[in-house]
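Novice: Taken in sequence, the protein lines are chains U and H.
Note that my numbering numbers the first sequence so that position 164 is 167, with each residue one more than the last.
Note that my numbering numbers the second sequence so that position 260 is 263, with each residue one more than the last.
Read the hints as simulated data drawn from the structure, not as lab findings.
Just so we're clear, the structure is a prediction, and the values are computed from it rather than from any experiment.
Possibly wrong hints are sitting among the right ones.
Same chains, same names: a pair is fine if it fits in one copy or spans any two.
In silico DSBU-like cross-links for lysine-lysine, where the CA-CA straight-line distance does not exceed 30 Å [what the hints assert, rightly or not]:
| hint | residue 1 | residue 2 |
| --- | --- | --- |
| 1 | K138 | K121 |
| 2 | K121 | K99 |
| 3 | K121 | K157 |
| 4 | K121 | K269 |
Protein chains: 2
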Amino acid sequence: MHPLDEAIAMQPVAPGVYAANTHPGYANAVGPFGGITAAQLLNAALLHDERLGEPVSQTVHFAAPIADGPFRIEARPVRTNRSTQHWLINALQGDKLVAMATAVFAIRRQTWSGTDAKFPDAPSPESVAAMEWDKRPEFTHRYDLRYIDDSLPKTFTEPERDNGASQLWVRDVPERPLDFPALASICDVFFPRVMIRRQRWLPIGTVTLTSYFHADSHMLGRVGNRHLLGVARAQAYRDGFFDQSAEVWSPEGELLATSHQLVYFKG
Amino acid sequence: MHPLDEAIAMQPVAPGVYAANTHPGYANAVGPFGGITAAQLLNAALLHDERLGEPVSQTVHFAAPIADGPFRIEARPVRTNRSTQHWLINALQGDKLVAMATAVFAIRRQTWSGTDAKFPDAPSPESVAAMEWDKRPEFTHRYDLRYIDDSLPKTFTEPERDNGASQLWVRDVPERPLDFPALASICDVFFPRVMIRRQRWLPIGTVTLTSYFHADSHMLGRVGNRHLLGVARAQAYRDGFFDQSAEVWSPEGELLATSHQLVYFKG
């Protein structure tokens, strides 16, 4: 069984209520990698009997550190319309909320389509070296991360850069066909921009993450287990918080997801 | 009393529960302008006795059309940490959820700060004509909207453009000192990108809006009642949904907010 499938597995204990667990393979420096939490909360809605269509957006609040071990997920469609459905999904340990997500699911209809974002002219994944870094948190070993530029800090003593942008190829390790939980998780795989901009190690923590899924399951199926191209940048860093935005592209240049997050930082 | 202050006024009826009303001055084609709903939901948290610090993020779900008239807002801090607080804020008509918001409030600490986004080189607000358009929905008259480029459709029969980007100067009408509710509302003031890209009138509706507030109340106070520079663009339009992202700048080039939304469209 793939570690991602182990991580997102959950036992229904009542309608919309699931027993879930943190997964040691997706551990971050403190608590689980935020992407896997996003995947777990999304999966609770995907597994729900009352689900309508497929996810088009998800917002996750990382309310508190999740302790290693079991937690409870409560997923509830709070409003169901003809073609859209709004969700509230809570994760609790004991009686304490540790994470909260909202989501929109929808039945898509074929329409005129287009893309304003530009697919970058990037070298092939095979021509780019995989990330090597001594102090990698465990979850990074669940991803093949191939940073295209030299933006990633190596010694954390390089001179400050004039922006926090970067590009990488990424896929699950081991390889796994792309689906919505995998995509939701990859939307959070981007290195914290403040550390790229400043080339310094700083304590950080994402407080909230919003992802828009432009792909449907057919498009994800066509991507299969190939590398995705990720582009990430920051907008503003100010007084303890910065935002970063990311694009996730198929190898053919289809924009699968755009994602935004607000991150706490110190120093 | 300023129409925005009338619109965000609400009567506490129980702890965290408020009686609110739609405001005819902020009506959109169907139901209220989404920005005013965002401002109302944010204000419910701002007025709450248990509020910690100031807003740093807000996500709004436009779950269903809000009928003109009264509605109930229920605001609840779902997790309060030492310096951050997570909120769930529901708007109901009868027993039906019509809108839902989540938010993060925080006590900011002074840190290293910087901006990666680029402040555009724009002509002064005085040198740009205010938007004129016959079929403007009522809420647009509550804003001074000065589109800098010629991107806005005039006859809805112009040739398709190669992207949906635009820039404008904007402030409240009448002038009003900037605060968080006003900023939350302005984050939704940007014309739907699909209509700029295609130069056609299309039925649209925002399903979810996420705004990150990079400014604190002191910075908003320094902006006062002057024009803000807005920059908006789309990333992808596909099968009934597109996303658009915006930056809201002070006249001096401080990035006050970044905002993202997913919009339903037809045709």
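Novice: Please go over all the hints and tell whether each is borne out by the structure.
Specialist: Going through the hints against the structure:
In the homo-oligomer, the alpha carbons of K138 and K121 never lie at most 30 Å apart, since the shortest distance is 33 Å inside one protomer and 33 Å across protomers. In this assembly of identical chains, the alpha carbons of K121 and K99 never lie at most 30 Å apart, being 43 Å within a copy and 41 Å across copies at closest. Taking identical chains as interchangeable, the C-alpha atoms of K121 and K157 lie at most 30 Å apart whether they share a chain (28 Å) or sit on different chains (27 Å). For the homomeric pair K121 and K269, the shortest alpha-carbon distance between copies (24 Å) is at most 30 Å, but the shortest distance inside one copy (33 Å) is not.
In the structure shown, a violation is registered for the earlier hints numbered 1 and 2, in ascending order.
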